Each structure stands twice: as C-alpha cells, then as structure tokens.
Amino acid sequence: MEQIFALPYEWWKEAVIVWLIISVIIYLVVAVPGLYFVMKYRYKPGEREIGDHDFESHAGLEAVFVVIPTLIVLFLATYSFSIFKKMRTVPDNAMTIKVTSFMWGWQFDYLDEKGNVIKSVLTGYNPNDYTLSEEEKPVIPAGKPIKVLLTSMDVIHSFYVQPARITEDAVPGRITYLWFQINKPGEYYVFCREYCGTGHSHMFSILKVVPPEQFTAWLYGNNAVAIKSETNKEVAQ
Amino acid sequence: MREAIHVEKPYFLASLREWLFTTDHKKIGILYFTVSYVFFLVAGLFGMGVRLEQAQPGMQVVSYDTYNYFLTGHGVVMLLWWAIAAHIGGFGNFLLPLMIGARDLAFPRLNALSWWMFFGASVLVLLTLIPGNQIKMMWTGYPPFSSNPDAGVTALYVFVIHLLGASSIATAVNFIVTYLKMRAPGVTFWKTNMYVHTLIAANVIQLIGVPSLAGAVTMLLLDTYFGTNFFNPAKGGDPLLYQNVFWFYSHPVVYVQVLPIFGFFSEIVPVFARRPLFGYHTMVFAVWGIVALSFIVWIHHMFVSGVPNWIRVLMSYTTLLIAVPTGIKIFNWMLTLYKGAIQLRSQMLYMLGGIFMFLIGGLTGIPNAMVAIDLGISDSLFVVGHFHYVLGMAVTLGILGAIIHWFPLATGKFYPENLGKISFWVIFAGANIFYFFQMVVGMLGNPRRYPDYPPIPEWAALHMIQTIGALILGVGIIIFTWGMIKGLISGEKAPQNPWKSPSLEWRLPVPAPAHNFGDEPPKIEKDWHPYRFDKLEEGNK
Chain A
264 MEQIFALPYE WWKEAVIVWL IISVIIYLVV AVPGLYFVMK YRYKPGEREI
314 GDHDFESHAG LEAVFVVIPT LIVLFLATYS FSIFKKMRTV PDNAMTIKVT
364 SFMWGWQFDY LDEKGNVIKS VLTGYNPNDY TLSEEEKPVI PAGKPIKVLL
414 TSMDVIHSFY VQPARITEDA VPGRITYLWF QINKPGEYYV FCREYCGTGH
464 SHMFSILKVV PPEQFTAWLY GNNAVAIKSE TNKEVAQ
Chain B
6 MREAIHVEKP YFLASLREWL FTTDHKKIGI LYFTVSYVFF LVAGLFGMGV
56 RLEQAQPGMQ VVSYDTYNYF LTGHGVVMLL WWAIAAHIGG FGNFLLPLMI
106 GARDLAFPRL NALSWWMFFG ASVLVLLTLI PGNQIKMMWT GYPPFSSNPD
156 AGVTALYVFV IHLLGASSIA TAVNFIVTYL KMRAPGVTFW KTNMYVHTLI
206 AANVIQLIGV PSLAGAVTML LLDTYFGTNF FNPAKGGDPL LYQNVFWFYS
256 HPVVYVQVLP IFGFFSEIVP VFARRPLFGY HTMVFAVWGI VALSFIVWIH
306 HMFVSGVPNW IRVLMSYTTL LIAVPTGIKI FNWMLTLYKG AIQLRSQMLY
356 MLGGIFMFLI GGLTGIPNAM VAIDLGISDS LFVVGHFHYV LGMAVTLGIL
406 GAIIHWFPLA TGKFYPENLG KISFWVIFAG ANIFYFFQMV VGMLGNPRRY
456 PDYPPIPEWA ALHMIQTIGA LILGVGIIIF TWGMIKGLIS GEKAPQNPWK
506 SPSLEWRLPV PAPAHNFGDE PPKIEKDWHP YRFDKLEEGN K
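Protein chains in written order, with the working numbering: chain A, 264 to 500; chain B, 6 to 546.
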C-alpha cells in the first residue's frame, strides 16, 4: 500500500473523488438527454411546428426529482460531516505551534507542554520572489500531527498548509486552530488565503519537514539544521 | 392623456428633457440597462487587467495596488451593476408591467427616485477612478482590513452601498406592490410568467436582506471615521460580526442575481421549444424554496473563519439542500425540450448555454458546500471559477440572450441573428476554457486575490490557458456589443410578436408604445396561459 503522504490531504482527496464521481454521473444524466432532445425534436416547417402540449407535468416524475437529489445531498453532507469531524479533532499526540499573523508574515512559536515558548521563527515579508532564508523557515517533524493555534495582530489573515489542503483564518481577538501532518520530508508552501492588502500574495512561508531526530536537534539547538534543500519544491499533486 | 397612447413616434426617440424627467418604466428600464451595460464593459476591462497580470508568475502588467483596485472594482461593479441592476433595474422595470398587463409600475415617481439614486451611486463609483480615491478592500470589505489605510477610501465604498441599497429597497417595494395590485384581470398567480415570479422572489430577498448589508457597512463607517469599536477586538468588538451581518444579505443576493436569470431561461426555452414549461407549479415552489433556504446558509462563506464547528456542519446541510430546488429547475428545463419543436435561434443558444454553465456551476458548488472539502479549497481560485460559472456566465449568457429576445420590443428592430450566433459560440468557448482551468489551479491550491504566485510550472501553464480563454471571451463580448449597435442602427424591422409567444408583452406593437396597453387593461381569454402555444391564433402557433 502506498504510504500516506499528508493529513488531512488523504481524506480531503477521497472526498473530492467521491464528489467528482457523483457530479460526473449527475452531469451525464442531465446533459446527455438534454442534448439528445435538442437534436431529435427539431422544428420542421409544415411537419413539426408545435411541441407536445399534454406532457406538462408529471407528479411521479417530479416527486422523483425531489426525493433522489435530497437523498444524494443528505448522503454527501453526512459523508462530509464524518470527514470534517476527523479534520477538526486534534490527535492526542499532536505538537502545538502558536502562529501569530501580521501584515505580511507569521511568527511561529514552538511551545512545550506547559505552553512556554521554546523557540520562535519569524517569516517576514518578501515582496520580490517566493524564496526565504533558512532562518525564516519554520521546521516541523515528519509524521507527527501538528496543532496550529492561530491569531492575528492586525487584520484577518489565514493559514493554509498547501500540501495538507487545510485552511483556517487568523482573526484578531480570537484563537482559532487547525491540525495537519506531513509524512514526507521536504519543503512545502504555506499561504495566506484571506485578503489582507498590498502584500497578500507574498504572505507565504516555507515549511521545512525533517525527520524527527533532526527536528529535536533543531528545536533545542541554536542553528538552523542544514537539510538538503531541494531545488524544486515539493508540490502536492 | 388619452392622446399619448396614439403617439406614433417610438418612445426611444423622446427628447432629452423627456428622458431626464421621465417616470415611464420602459424609459427608466432602458436608462438602467444602458448604464449597467457600460459599467459591465468597464468592469470587464478591470477583470482583463487582473487576468493579464496573472498570466505569468511575477509582476508584469500592474502594481499590487492597481491589481487590488481592479479586482475590487471588478467585483463591486459586476455584482451590483451587472448582475443586479442590469436585469432587475433594467429588464425588471421594462418587462414587469408589460408581462402583467399594467400601465406602469405602482409608484412611477418612486421608480424615478430609485433610478436617480442608482445614478448617484454610479457617479460615486466613477470617482474611485481618480488616483488617491481608489478602494482596495475587495467587494466584501472585511474589517479590520477595510478600516486600514491600505484599503483605500472606505467612505466611498460605504456610500455606494448605501445609495444602491436605498435604491434597491424602493424598487423592491415598487415591484412587489405592482405585482400584487396591478395585474390585469385574468393574470392569476398560476398564470404569471416565471420571469415575474422570479423577479418578485428576488425583490422579496432584497427587501428583507438589504437593510442587513446597510447595517454592516454603517458600522464599518462608524468604526473607520467616528471611533466606534464594533469590529475592534482591542475594545471588545468582533470582526466576525461584520462577516455574519454582511453574508446574511450577501449570500441571498446571489439568488437576487440568479433567480431572474432562471426566469429568462423559463421564458425563452418554451418559446423556442414551442411547448409549455414543464412542471410550472413545482418551478414556482422551487423559487420560493430557494428564497426561504437562502437566508439560512450564510455560514458557508465563513467555513474557515473560526466559527464553531457545529454551525459549520449545520449550514453545510442547509447549503447542500439548496441543490434540491435548483435541481428541479434544471430537470424541468430539460423536460421542456422533450417532444418540443426546437428552433436554435441565437437567444435559444444563449439560454441552453446558460443552463449548461449553471449545471457545471451547480455541481462545482457542491464541494464548496461540503465543509470537509471546503477546508481545503476555501478562498482558492476554485471558488472563483465556480462562481464565475454561476454568477459570471449563467447570468451573463442569460442577460445577453434576453437582450436578443426582447430587442424588438424595446427598439422595433431585430438583433442581427448571425452576430448573435457567432458571439454565443465565441463567448461560450472562451468562458469554458477560462473558468474550467481556473477551478483546476484552485484545486491545486492557488489562493484567490493573488496578483503574483510561486513559479510552479503547472500553475503558470494553467494561468496562461485561462488568460487565452479570457481573451477569447473578451472578443465574444465585443462582437455581441457590436451586434447591439448594429441592430439599433440598421437592424431588420421586426413585426409584432416576432417569436409568436403567448406572453402578454407581445400583444403590444413593437416598439412598445407609451402607456403600454392604454386605459383599458388587455382582454385576457379564459384559457390564456403564458406558456400555452396551442391557444395562439392561427398563423401565430
């Protein structure tokens, strides 16, 4: 079995596939007969000048149009609920990082069990391109659930972990949360997805996922760990 | 006033004085529509600026701030001018009295006031073109950002919303009273055109919802300029309050925008299928079902805003349930085609294309409503692609087709049929290339409202394809606009009731005369129905 790459990405992908299959079926069920009717029942002068006037409504058929879509959407909503519950329930072994947003960057505070800050990483604003220096990259251990506590110092921002496909807004005056887990070491993008002004599109960070031993060394050491920086960043497909 | 009925001069050749002081619903409708159409073209250019900037990674065309202004202007103008004013102020004014056999709206002078308030808002929006006056807060204007200097002139945004809101409330009252009180004898609830049903439903939403939006922006104004703290967390306020009050109206408003378009589909498809609208009664129930549900789904705009988990799940259910009444409409349009006698005139192509876009838009709305998927695609270009299928293209194709359909009634001339067909295929191809790939890049994770994005080769390629689609779409709009001008100047003269429709507005000579049906309401036969083609006089079937 293929190894799970990231959470909640795997669940998200599964939900997308379920939606896509159902949508394609619905699409075909509606569009194919529609196109067929358009081709078959054409106006022909002298022969077919007026359409049928008897089949104006059909109680049974219309009831089917109500009942079947209702069942489909109830299924989809409940299915999405079941996945949503997993997405929003933080695993017990999660590591907590406090993320404070500002225009335009984030401060990452690594907390111990008592909530004291062990280490902080500041990702500032780089308006020129999408690269960061090594000290600006937050580091997380591979294969461990990460709980992110979010807030903002100025306007509303958000925190979107692109490989994990999870977002939550950072709202001033509130603490919001999300959790994710990435199993494959590498460098991944984090973006702000809530519009926050001039620097919005360059409010990004690069998440460095490293094996757990390296992470511990990084967390308690003084220097940024030198892990092999890949020239092409991992972008989840 | 009796003589006025027999005026031979077409009303659109009236003097400037008559246009300025008019209370005639047809003239006001045309004024609304003209302003909206010009604004549509301008907002389209703004959108094109946005699109060209994203064609490649890096900044080539405009600065961040210009981009943000373009995107704000594109959103505000397309939503409030094109997707509301064009077909409620424009078509609604023009068609409502004609379809129910009335002389004018119930309160013609109130209608003129609505129009002039709308005109005032249009002038205010134009003021943002002056450097230093730009608004850059996106059409949603979320605080605390919108109180920030980086957001531009907050007051302009607030006053635009206030003026448009006052105008919309006056129009809503006017339309609802007109429908309730001024129908010709014989036009009963179950013999009302679908367009009128949808128009009234949309205006009921306006009446209930607009005050909520006005409240949101008023608080924003007070916070920004008068030191109140509704949205300031440092003094006990809450930014999410704005989002709740804003979306309480601004979600239902998408049905204000799209319901009358469903009305257009339901009017024009039967005429060119020569067959009654299938499931007319369920269609009416579906419209009101959508109105009721539309007010209890707004949290789906806030699925990642930090609201409690339970409300997200609850509103995920209610949002998905809207698919049921919407689905009924699509099934009914498809069954209207069944055993019809279909003529693919250009406006029929526009309607079928609009329904097709709406079907895709509806199906791609599902993942936005499924809260588990939305956590991964919220505020991404997927959402943008989705609502451009629904609000962008279903609405635009609906309005453009409606222009072709009612062109003879307004001008006495035909819209050039060949330009109608060409523009349809160009627009349809361009829009599908554009918005489909916008959804794909959104699924890959590209956030929305980004002038720049990381140089990931796939993203760059997808953005280039979208830009090509957008250029094709732009060419289609230019062809369509050229067709309107050509039709006005040298269009073929149209006979009365050119489409052989049983609907009441076509009992009038073309162009529609002043005071419509005159002193007496039109005589309506007992077995008349706006969708019964077999009851038309011989030769008109």
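Just to be clear, a hint being listed does not mean it is correct.
[As the list claims (entries may be wrong)] Distance condition first, Cα-Cα at most 16 Å in a straight line; then the derived EDC-like pairs of lysine to aspartate or glutamate:
(1) B:K344 x A:E310
(2) B:K344 x B:D539
(3) B:K344 x A:E312
(4) B:K196 x A:E312
(5) B:K540 x A:E319
(6) B:K540 x A:D317
(7) B:K344 x A:E398
(8) B:K505 x A:E312
If you're looking for bench data, these hints aren't it; they were derived computationally from the structure.
Quantities reported herein were computed from a predicted structural model and do not represent experimental measurements.
Against the structure, the hints come out as follows:
With a CA separation close to 13 Å, the supplied pair K344 (chain B) and E310 (chain A) stays within the 16 Å bound. The straight-line distance between the Cα atoms of K344 (chain B) and D539 (chain B) is roughly 14 Å, inside the 16 Å bound, and the hint therefore holds. Taken as a hint, the K344 (chain B) and E312 (chain A) pair is honoured in the structure, with Cα atoms around 11 Å apart against an allowance of 16 Å. Among the hinted pairs, K196 (chain B) with E312 (chain A) is inconsistent with the structure: their alpha-carbon atoms are about 24 Å apart, more than 16 Å.
Restraint check for K540 (chain B) and E319 (chain A): satisfied, since their Cα atoms lie roughly 15 Å apart, inside the 16 Å limit. Between K540 (chain B) and D317 (chain A) the alpha-carbon distance is near 13 Å, which keeps this suggested pair within the 16 Å criterion. Proposed proximity of K344 (chain B) and E398 (chain A) is contradicted: the alpha carbons are some 70 Å apart, above 16 Å. This hinted pair checks out: K505 (chain B) and E312 (chain A) have alpha carbons roughly 12 Å apart, not beyond 16 Å.
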